[in-house]
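Just so you know, the sequences run in chain order A and F. Following the numbering used here, the numbering of the first sequence begins with 1 at its first residue and continues without gaps. Following the numbering used here, the numbering of the second sequence begins with 1 at its first residue and continues without gaps.
It should be emphasised that the hints constitute simulated quantities derived from the structure, not laboratory data. Accuracy of the hints is not assured; some may be wrong.
[As the list claims (entries may be wrong)] Partial selection, computed: residues in chain A whose CB lies under 8 Å from chain F:
id, residue
1, L10
2, L14
3, L16
4, R19
5, L27
6, S33
7, A207
8, K211
9, V245
10, R246
11, V255
12, G276
13, M278
Glycine included, C-beta positions come from ideal geometry on N, C-alpha and C.
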Amino acid sequence: MSGDDEERELEALLELSRRGRAKLERLHEVLTSPGHYGTGATPSAVVYRENKLRLLRLLDEHGQPRKGPPVLFVPAPVSRYFIVDLLPGRSFAGHVAAAGFDVFVIDFGTPTSEDRYADLTYYVDGLVRRSVRIVSELTGQPAINVVGYCLGGTLSLLYAALYPDTVARLVLLTTMVDGDVQGGIAWVAHRMGLAGESYDTPRLVPAAEVKSWFEMLAPGSNSLVGRVTDLWDRLDDPAARLRDVRTMATWVDDVVPAPGRLLAELYKKFGPGRNGLMTGRVQIGDRMVELAAVRMPVLSVSAEKDLIAPPEGVDAITKVVPHAEVLRLPGGHVGIVAGRAAASLWQRTVEFLATSREGAHGT
Amino acid sequence: MTLTADGKTAKDPTLVERWLEDQREWQRTAMSYLDSMVKNEDFLVHLGNAMRGSLLAGKPYPTADPAAQPAAQEAPADDRLDRVLFALHQIQGQLTDLRMALDDLRRNGKGSPSKMPATRPKAKATKRPKRPAPVAARKARPGKSRSRG
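One chain only, chain A, in its complex shape (with noise of 0.2 Å):
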């Protein structure tokens, strides 16, 4: 090897050690800069708690509640509230309030060992109705805007069920209807032991195991070296863009604990081969939930490459609420909600939600 081969070489490997350096660089301003890890990104009061649950009212740059008519989202129980309000400018909940609605969100919180017991009754017909009732207090509205994502659609759809008066728009954000359609988050818990659920002697089921459902659903996602190999590669990215990938990344792996009792009556009710919703009728406690009193005007979106919530399964909400407006989108299933191309569905939502009553059906 001659003195020029050796230069080089030792040019290539000092090259290689700066590259390495700035990303570690890179990696410490992120891990120490403050962001919207888990926070939302908009403005907001609670208003009301409960348990583990906080309502939130989002505020405007004065800090005051916005007027006009009202809108309650209803995130998933089993994951973070804030996909709903991830970032400045990334904001569902944010641009629906941008557009002169007052929105209210939910954060069902962390359970705890004691929440195990919790089931669809106490969801739908105790937290979720006490917030729609605060959400009519607060506001002066007898009948609110529902807009409920993944099971927070499902709650949402029940709870319009049983009080189809105190709803005046439903959006349901890739809500599974038909739960034999094969695919998705339910068919994979169901293969990995979701059966073997008590509902009389439930467990909280631990956060590692939900995640590991999703998991599943995203093959590599659970390689320690994959996941390495991709943060590595994108220490490439701006400090701010990775700020970004950081809080989207405290959603995704920040699963929460879920109530056994829950996954159980869901599994038993909603699950493969049982697939209660697709008969419009599902007894819930000591209520006899009829799909058929949903008349408020309804609007389901799906997602092309949802792998949590297939499209099939979402769509078939016509087959039992016959006038809901079913809406696929491009996208996977947080994509659609919070990606970069999410706009499309957010201004969807401003355009139903603001339509007149007029001509709805029932209404």
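Since the structure of chain A is provided, determine the placement of chain F on it from the hints.
Chain F only, in chain A's frame:
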């Protein structure tokens, strides 16, 4: 040779000098990490997450603790305390139902729902009757509680 801002020429560092400077930079980077570990309690958690390939902030990456797994798979043997705690949560909800039902009754005597206050003044709570009639609460809609407990 490199031309400097004042028009003079400066000698380019040799490869050895650049290696030495690179080593000093690595030391500075390492010191910044050590400094953050000492000054910021959460930094180790964040760093641990990053070493798992995650930028999750605020808490450790969720992993099944092999030692704790058998216990987590089963419901605790003595669950009486949890049952009591959860019953208390349900009662908390029912008390809210009751309060809202009473507020409704008061409002119905005063005006239409559109004139409801934008916020719920806490002072009103102190004016509540000490023994509200539960029957009245059950008649309210949709505050009527169906929760068990």
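Taking the hints in turn, this is what the structure says about them:
1. Against a cut-off of 8 Å between C-beta atoms, the interface hint on L10 (chain A) holds, since the closest Cβ of chain F lies about 6 Å away.
2. For L14 (chain A), the interface hint holds, the least distance from its beta-carbon to any beta-carbon of chain F being 6 Å, beneath 8 Å.
3. Taking 8 Å as the C-beta cut-off, the interface hint given for L16 (chain A) is violated, the closest approach to chain F being about 10 Å.
4. Checking R19 (chain A) against chain F: minimum C-beta separation of about 11 Å lies over 8 Å; hint violated.
5. Because the beta carbon of L27 (chain A) sits about 6 Å from the nearest beta carbon in chain F, less than 8 Å, this interface hint is met.
6. The restraint placing S33 (chain A) at the interface with chain F is violated, with a minimum CB-CB distance near 10 Å, outside the 8 Å limit.
7. A least Cβ separation of about 4 Å between A207 (chain A) and chain F falls short of the 8 Å threshold, and the interface hint therefore holds.
8. A distance limit of 8 Å between C-beta atoms decides the matter here; for K211 (chain A) the minimum to chain F is near 5 Å, and the interface restraint holds.
9. Residue-level restraint check for V245 (chain A) holds (minimum Cβ-Cβ distance to chain F is 6 Å; threshold 8 Å).
10. With a least beta-carbon distance of about 4 Å to chain F, the hint placing R246 (chain A) at the interface is held under the 8 Å criterion.
11. Hint status for V255 (chain A): holds, given a least beta-carbon distance of 6 Å to chain F, under 8 Å.
12. Annotation: G276 (chain A) was flagged as interfacial toward chain F, and the flag is violated, the nearest CB pair being 18 Å apart, outside 8 Å.
13. At a threshold of 8 Å, the smallest CB-CB gap from M278 (chain A) to chain F is about 24 Å, leaving the interface hint violated.
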